[in-house]
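Asker: Residue-level listing of the chains:
Number of protein chains: 2
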Amino acid sequence: MNVQEYMIELGENARAAARLVAKADTRLKNQALLAMADAIDSSRPELHAANAIDLDNGRNNGLDSAMLDRLELTDARIDTMIEGLRQVATLPDPVGAINDLKYLPSGIQVGKMRVPLGVIGIIYESRPNVTVEAASLCLKSGNATILRGGSEAINSNQAVARCIKQGLKVAGLPENAVQVVETTDREAVGQMITMPEYVDVIVPRGGKGLIERVSRDAKVAVIKHLDGICHVYIDDQADAGKAVNVALNAKTHRYGTCNTMETLLVHSDIAPELLSELSERYQAAGVELRGCERTRALLPLINKATEADWETEYLAPILSIKLVDSMDEAIAHINRYGSHHTDSIITENYTKSRAFLREVDSSSVMVNASTRFADGFEYGLGAEIGISTDKIHARGPVGLNGLTSEKYVVLGDGHIRQ
Amino acid sequence: MNVQEYMIELGENARAAARLVAKADTRLKNQALLAMADAIDSSRPELHAANAIDLDNGRNNGLDSAMLDRLELTDARIDTMIEGLRQVATLPDPVGAINDLKYLPSGIQVGKMRVPLGVIGIIYESRPNVTVEAASLCLKSGNATILRGGSEAINSNQAVARCIKQGLKVAGLPENAVQVVETTDREAVGQMITMPEYVDVIVPRGGKGLIERVSRDAKVAVIKHLDGICHVYIDDQADAGKAVNVALNAKTHRYGTCNTMETLLVHSDIAPELLSELSERYQAAGVELRGCERTRALLPLINKATEADWETEYLAPILSIKLVDSMDEAIAHINRYGSHHTDSIITENYTKSRAFLREVDSSSVMVNASTRFADGFEYGLGAEIGISTDKIHARGPVGLNGLTSEKYVVLGDGHIRQ
Numbered sequence: 041m042n043v044q045e046y047m048i049e050l051g052e053n054a055r056a057a058a059r060l061v062a063k064a065d066t067r068l069k070n071q072a073l074l075a076m077a078d079a080i081d082s083s084r085p086e087l088h089a090a091n092a093i094d095l096d097n098g099r100n101n102g103l104d105s106a107m108l109d110r111l112e113l114t115d116a117r118i119d120t121m122i123e124g125l126r127q128v129a130t131l132p133d134p135v136g137a138i139n140d141l142k143y144l145p146s147g148i149q150v151g152k153m154r155v156p157l158g159v160i161g162i163i164y165e166s167r168p169n170v171t172v173e174a175a176s177l178c179l180k181s182g183n184a185t186i187l188r189g190g191s192e193a194i195n196s197n198q199a200v201a202r203c204i205k206q207g208l209k210v211a212g213l214p215e216n217a218v219q220v221v222e223t224t225d226r227e228a229v230g231q232m233i234t235m236p237e238y239v240d241v242i243v244p245r246g247g248k249g250l251i252e253r254v255s256r257d258a259k260v261a262v263i264k265h266l267d268g269i270c271h272v273y274i275d276d277q278a279d280a281g282k283a284v285n286v287a288l289n290a291k292t293h294r295y296g297t298c299n300t301m302e303t304l305l306v307h308s309d310i311a312p313e314l315l316s317e318l319s320e321r322y323q324a325a326g327v328e329l330r331g332c333e334r335t336r337a338l339l340p341l342i343n344k345a346t347e348a349d350w351e352t353e354y355l356a357p358i359l360s361i362k363l364v365d366s367m368d369e370a371i372a373h374i375n376r377y378g379s380h381h382t383d384s385i386i387t388e389n390y391t392k393s394r395a396f397l398r399e400v401d402s403s404s405v406m407v408n409a410s411t412r413f414a415d416g417f418e419y420g421l422g423a424e425i426g427i428s429t430d431k432i433h434a435r436g437p438v439g440l441n442g443l444t445s446e447k448y449v450v451l452g453d454g455h456i457r458q
Numbered sequence: 041m042n043v044q045e046y047m048i049e050l051g052e053n054a055r056a057a058a059r060l061v062a063k064a065d066t067r068l069k070n071q072a073l074l075a076m077a078d079a080i081d082s083s084r085p086e087l088h089a090a091n092a093i094d095l096d097n098g099r100n101n102g103l104d105s106a107m108l109d110r111l112e113l114t115d116a117r118i119d120t121m122i123e124g125l126r127q128v129a130t131l132p133d134p135v136g137a138i139n140d141l142k143y144l145p146s147g148i149q150v151g152k153m154r155v156p157l158g159v160i161g162i163i164y165e166s167r168p169n170v171t172v173e174a175a176s177l178c179l180k181s182g183n184a185t186i187l188r189g190g191s192e193a194i195n196s197n198q199a200v201a202r203c204i205k206q207g208l209k210v211a212g213l214p215e216n217a218v219q220v221v222e223t224t225d226r227e228a229v230g231q232m233i234t235m236p237e238y239v240d241v242i243v244p245r246g247g248k249g250l251i252e253r254v255s256r257d258a259k260v261a262v263i264k265h266l267d268g269i270c271h272v273y274i275d276d277q278a279d280a281g282k283a284v285n286v287a288l289n290a291k292t293h294r295y296g297t298c299n300t301m302e303t304l305l306v307h308s309d310i311a312p313e314l315l316s317e318l319s320e321r322y323q324a325a326g327v328e329l330r331g332c333e334r335t336r337a338l339l340p341l342i343n344k345a346t347e348a349d350w351e352t353e354y355l356a357p358i359l360s361i362k363l364v365d366s367m368d369e370a371i372a373h374i375n376r377y378g379s380h381h382t383d384s385i386i387t388e389n390y391t392k393s394r395a396f397l398r399e400v401d402s403s404s405v406m407v408n409a410s411t412r413f414a415d416g417f418e419y420g421l422g423a424e425i426g427i428s429t430d431k432i433h434a435r436g437p438v439g440l441n442g443l444t445s446e447k448y449v450v451l452g453d454g455h456i457r458q
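Listed in order, the protein sequences are those of chains P and W. Sequence positions in the first sequence follow this note's numbering and run 41 to 458. Sequence positions in the second sequence follow this note's numbering and run 41 to 458.
Mixed in with the good hints, there may be bad ones.
With a straight-line Cα cutoff of 27 Å, these simulated BS3-like cross-link-like pairs (lysine-lysine) come out [said to hold, decoys possible]: (1) W:K282 x P:K142; (2) W:K344 x P:K152; (3) P:K142 x P:K63; (4) W:K63 x W:K152; (5) P:K152 x W:K152; (6) P:K259 x W:K248; (7) W:K142 x P:K152; (8) P:K152 x P:K142.
None of these hints come from the bench; they were simulated from the model.
Please work from the sequences and hints to get the whole structure.
Answerer: See the structure below:
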């Protein structure tokens with residue numbers, strides 16, 4: 041069997057399993073999730089053994105230390121996987137929820153029922169814990185999943201997959217509800233993203249190269265985010281204390297996350313008051329500053345920001361700073377150079393807060409809050425499969441609802457159309 | 041300027057206009073819609089003159105009478121266009137609506153704000169009234185539109201476009217918020233569906249060939265429905281009166297619409313009681329019946345249904361009938377042969393009504409109601425841009441909300457992430 045035939049077989053299996061998990065009781069799905077957690081807990085030796093093979097291979101293949109770190113399944117990470125499964129079991133089941141059911145003039149009653157999307161393909165890189173996160177969210181939302189992890193994690197992912205299948209079996213759910221691709225052939229990805237008859241949505245989780253490739257070639261919908269070029273704009277009517285706190289938190293809380301601020305916009309009237317304190321505190325935290333000319337007039341020792349800086353997601357302790365003369369100029373900069381991910385204004389002005397919320401075209405728009413809050417857990421979704429910077433289907437952090445669709449339900453008493 | 045350059049120019053114009061209409065007041069959008077209605081009303085001579093050219097050309101080019109009929113702009117159709125515009129002006133503005141705003145444990149307040157998608161491309165065939173319908177719904181939902189009508193309606197569409205631009209001008213909105221493609225070159229469509237930097241969503245309205253081509257080649261999201269293979273299933277616990285009324289209405293109310301029933305499924309226990317009456321009434325209405333073998337045992341004079349009948353959208357006074365021995369068999373038939381559009385069960389049984397609603401995988405699922413109700417107006421959406429049989433983004437009749445997306449808004453008081 042070649043790769044194409046193999047993927048089609050997985051697709052057929054997934055399609056058949058999807059029909060069964062779509063109508064599975066909440067109780068059975070939760071039972072499966074808890075049984076997966078138990079299976080992972082009791083399979084620690086097997087998980088460590090499989091992971092050790094991947095780590096050995098990784099070292100022999102010259103993976104860098106960051107990759108090896110992401111690949112490692114420590115006991116703490118296994119604990120997190122177990123906790124995540126138990127957490128997803130406690131989330132409300134989105135499937136079958138009926139909203140907005142109302143009577144209409146014809147006498148029929150019309151509402152919307154939340155239903156699974158069907159089969160979700162997940163493509164990800166080294167971290168084996170994604171296998172559990174993605175499988176659990178897809179199962180809870182009534183979808184079947186085909187998971188394609190990185191070749192460097194193949195043994196770890198297969199070991200995790202055995203625990204997942206064990207959990208499905210305990211609950212009497214079809215084991216094909218979650219399938220982990222067993223080949224490391226790269227053609228498997230190409231096949232998976234071009235078989236709309238078997239896969240309804242693709243969620244790529246990984247580097248920009250992977251996401252660009254998947255988006256370009258996919259023949260099915262893709263829930264993705266490419267860049268996180270996030271901004272904080274400090275308005276001339278900002279509270280100075282809030283401005284400094286938020287601007288520091290948005291940059292320094294974590295450097296490698298997509299909701300970290302990459303460019304700070306400061307109103308020119310408030311800049312003289314704030315920039316020297318901010319600069320000291322950023323430099324104390326080890327953040328390299330790069331400023332526009334007017335910023336450098338106030339902070340002569342920092343580096344110069346070029347046009348390229350406004351378009352760069354550093355994912356590193358680097359921050360570009362630009363002075364603007366109005367909120368409108370800030371919004372124009374954000375809408376032009378940002379990645380429509382997350383942007384925040386710091387202001388005490390009511391009218392400007394409303395205008396900023398409305399006019400900034402990003403998946404999360406904030407007032408007086410750190411961009412670091414853009415996250416499924418912080419938003420109360422319980423968990424997230426990813427963050428979407430697209431506008432179609434789901435935007436921002438994607439939780440269980442983002443893995444479902446709504447169909448119309450119509451209730452009548454023999455009603456006919458006149 | 042070649043076609044590609046021309047379409048890119050329209051795209052750039054649309055993108056610039058989209059930013060302005062996205063933040064336009066409800067009042068201005070409504071003013072534009074009402075002014076468009078007035079402009080159409082006072083431009084009847086120009087509309088008739090332009091339409092006469094298209095009709096002449098159509099006759100000379102051998103268009104069939106159905107096409108010529110769809111192309112004709114009668115005064116009654118102009119009245120309907122005017123009424124439609126005034127109706128859209130009365131609909132609530134979806135843009136900026138904030139839902140589910142709630143406090144979270146961190147202290148931030150998180151909600152979702154409805155925002156326009158951006159630029160919507162509409163590709164349609166002969167009916168010039170689509171120009172007005174599509175433009176008005178896209179404008180009200182804060183989107184810019186590029187409209188590509190059929191070449192046979194080019195003069196009518198341009199005349200309508202002048203009225204639309206007049207209305208935009210009266211309200212001080214950018215005239216490029218609605219652009220009608222002026223070339224009849226087919227390459228314009230190819231270009232429009234492959235420029236994601238300028239167009240966010242494509243809505244094809246027309247025959248299956250058009251929709252298949254657009255879906256296959258598009259590089260942006262497509263809101264579409266392909267087929268309407270709709271079913272009514274008469275359960276053994278159906279009320280006979282309701283069953284006959286709904287089954288007749290679903291087939292005979294209109295033959296050419298996508299929500300018309302094409303296959304009737306009847307439980308074998310109730311078939312002897314109902315089929316002869318139904319058969320008489322269908323035949324009185326001029327409907328040709330095609331039955332499975334067991335149906336023909338009860339109605340020996342009707343034609344035989346082949347496998348192909350179960351997969352056919354007749355759009356004509358033809359109905360296929362199949363006997364089944366259980367609701368599960370009916371659901372399996374619907375999910376296999378249907379087009380996931382609209383399907384209805386007739387039953388008095390509570391448990392079966394719930395199971396049917398949950399298990400049938402269609403954009404509208406009904407109990408004791410005619411499939412003909414699947415329609416944006418009947419569902420209280422006010423209007424519809426089309427019906428989606430996809431699961432991604434919008435499913436079923438697509439109204440103003442389907443032309444928007446939701447972004448997250450976060451309100452804080454200087455909150456930072458711990």
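Asker: So, for every hint listed, does it hold in this structure?
Answerer: Okay, the hints, checked on the actual structure:
| no. | hint | result |
| --- | --- | --- |
| 1 | W:K282 x P:K142 | holds, 21 Å |
| 2 | W:K344 x P:K152 | violated, 38 Å |
| 3 | P:K142 x P:K63 | holds, 24 Å |
| 4 | W:K63 x W:K152 | holds, 17 Å |
| 5 | P:K152 x W:K152 | holds, 19 Å |
| 6 | P:K259 x W:K248 | holds, 19 Å |
| 7 | W:K142 x P:K152 | holds, 23 Å |
| 8 | P:K152 x P:K142 | holds, 10 Å |
Checked against the numbered hints given earlier, the structure breaks only hint 2 and satisfies all the rest.
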